[in-house]
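Could you build all of it, start to finish, from the sequences and the hints given here?
So the protein sequences, as listed, match chains A and B.
Residue numbering for the first sequence follows numbering that gives the first Met the number 0, starting at 0 and increasing by one per position.
Residue numbering for the second sequence follows numbering that gives the first Met the number 0, starting at 0 and increasing by one per position.
It is possible that some hints are incorrect.
To be verified - Under the rule of at most 20 Å between Cα atoms (straight-line distance), these lysine-lysine pairs were calculated in the PhoX-like manner: (1) B:Lys270 / A:Lys16; (2) A:Lys18 / B:Lys270; (3) B:Lys146 / B:Lys136.
Because the hints were derived from the structure by calculation, they are not lab data.
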Amino acid sequence: MNVEVKLFAYFRDNRFKVKNFTFEEAVPVSHVLDHLGINADEVGVTMVNGRHCRLDTHLQPDDSLGIFPMIGGG
Amino acid sequence: MTDKIFRINMTDLTTAIEDVPEGWAAHGGRGLTSTVVAAEVPPLCHPLGPNNKLVIAPGLLSGTAAANSGRISIGAKSPLTGTIKESNAGGTAAQLLARCHCKAIIIEGQPQAGKWYNISISPGAVSINEETETIGKGNFATAEILKNRFEGKPGFIAIGPAGEMKMSAANISVKDPDFRMRSAGRGGLGAVMGSKGVKFISIDPQDGKVEIAEPEAFKEANRVFVKALANHPISQGLGQYGTNVLVNIINESGGLPTKNFTLGQFEGHEKISGETMYERIQERGGKPKHGCHPGCVIQCSQIYNDANNQYKTSGFEYESIWAMGADCCVDDLDQIAEADSIMDDLGIDSIETSVAMGVAMEAGVLEFGDGEGICRILRDEVGKGTGMGRLIGGGAGMVGQIYGVARVPVVKNQAIPAYDPRAIKGIGITYATSTMGADHTMGYSIATNILNVGGSVDPLSKEGQVELSRNLQIATAAIDSTGMCLFIAFAALDDETCLPALIDLINARFGLKLTGDDVVNLGKYILKTEKAFNEAAGFSKQDDRLPEFFSIEKLPPHNVVWDFSGEEIDSFWNF
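Okay, here's the thing in structure tokens:
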């Protein structure tokens with residue numbers, strides 16, 4: 000299945016802004032983090048299709064996953 | 000030397016340095032400005048008439064070595080909202096005023112029409128002086144003149160042409176360490192200062208120092224406080240990307256108000272994002288990190304250069320970039336920077352003015368996306384005080400009224416900032432119930448709705464939102480009394496050592512024994528004092544509502560509406 004992965008802030012350093020991945024089966028968000036070498040402790044927010052999700056949320060075909068470090072402003 | 004009230008009467012041009020009344024002694028910042036306005040300003044007065052008062056107060060910790068304690072609170076009855084108003088800003092004024100042993104400045108009365116003055120403050124001395132040289136000048140030209148006129152490094156609080164013209168969106172600018180401007184932006188306080196005939200206030204503390212009751216305890220508390228702030232990842236992100244780091248995450252959540260609040264995502268988000276801004280600052284030899292006052296360990300400001308690597312703007316905030324960008328559909332960061340710079344020079348609120356532009360675009364005054372058109376209107380219309388300029392400077396509600404637009408994003412006539420309340424419901428409760436009109440900083444529910452700071456709630460669900468906004472508004476009112484920057488709240492929500500250290504700092508400064516409960520009670524007292532003023536000024540619970548369009552127009556991509564009942568909103572005040 001195809002999944003779009005979007006990275007933000009310093010997670011983009013030496014990685015990418017947006018990239019499509021193909022997985023053989025429905026994988027949890029944590030699997031994508033491991034695959035990208037992103038430490039889960041540094042993750043602030045993950046969203047699937049614009050909705051917050053947990054690290055054990057399983058991705059569905061054609062999902063768009065956004066991964067953010069801890070950030071804030073206002 | 001004990002702190003004093005510096006009272007300035009602009010009707011008869013007299014000044015007095017008074018003892019602090021007993022009931023005011025425990026207050027600072029917003030708690031003090033709201034207490035003074037509630038005590039001395041008739042709620043039904045005209046905001047630009049002789050009976051309104053402009054109250055300027057450093058916070059409880061201002062002028063000390065406490066990190067991030069440089070915010071100054073300015074209060075009055077607002078010409079934009081008709082409510083009580085407190086707007087706070089960084090810069091050096093709070094620290095320098097505290098070192099003048101000034102608990103608050105109260106400017107009252109009104110001079111003869113057309114007469115302009117400046118006010119000088121130093122320890123034990125205050126004077127009113129006739130002013131001509133800076134009148135009609137923008138903030139940047141004024142800063143240049145004052146740099147040459149005054150010796151040393153005094154602080155300045157000034158208005159630009161917008162304040163002189165008494166526009167309802169006019170702000171009050173506070174000089175930072177590099178002679179650039181920070182703004183007490185919201186609610187038109189610049190117009191109140193203009194109505195008092197005061198162009199600027201200079202603050203020279205000479206060798207004045209703030210006394211600390213328990214210096215060792217203070218030092219220890221500050222050590223813990225600094226550690227909590229500096230170590231928090233959000234503080235570090237703010238240093239790198241500024242507040243504009245929010246564009247992409249708010250866009251991703253579907254809550255980035257776009258095209259005058261008709262869409263929740265902006266196609267050009269990446270081009271105006273914090274990530275893009277950081278890259279551009281690096282390429283052009285700017286500075287991603289810059290502090291608006293000495294002692295800030297977060298440094299969310301920056302130096303943004305233009306395409307020729309020349310200084311263009313600083314304090315380039317998410318709110319301004321969203322408003323000129325997504326809300327007006329401008330995806331060119333340089334045009335937004337130009338508009339930001341013009342607004343800083345004119346001394347006008349970049350949220351109110353930009354949202355007013357969005358409403359004007361909907362009315363067909365100019366096309367969505369026309370960044371050059373925005374800059375032209377700011378420069379040639381607002382800056383020159385033409386009819387069109389005064390209309391835009393009257394705020395979003397005024398533009399909607401004049402052009403017959405029904406989609407006008409305001410609460411209590413103040414423009415709604417950078418988060419759509421349909422897709423981020425917690426912030427809608429804050430907009431509706433805030434004593435100041437729509438203002439995200441009054442109870443920043445975004446932290447918990449979007450950023451997973453201080454827990455997490457579903458931004459599309461109503462559950463827990465009223466209680467969240469209540470707790471945040473109470474805590475914020477207290478923080479706004481300390482002189483602390485609100486960005487300490489991210490660490491305070493996450494790091495259990497942060498808030499106790501802040502209370503220890505206040506206790507060590509004054510030799511007190513305050514507890515967490517005392518701080519909560521302070522916050523409650525401030526909100527209730529402000530609400531009582533508003534009720535006496537004619538406001539009721541029917542004013543604590545969002546504009547109708549939020550309830551009847553679905554916001555893409557989640558296709559959601561605002562669905563809180565009046566009763567649910569009103570339960571906010573059950574404390």
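Let me make sure I understand: some of the numbered hints might not hold for this structure. Which ones are they, in numerical order? The structure breaks none of the hints.
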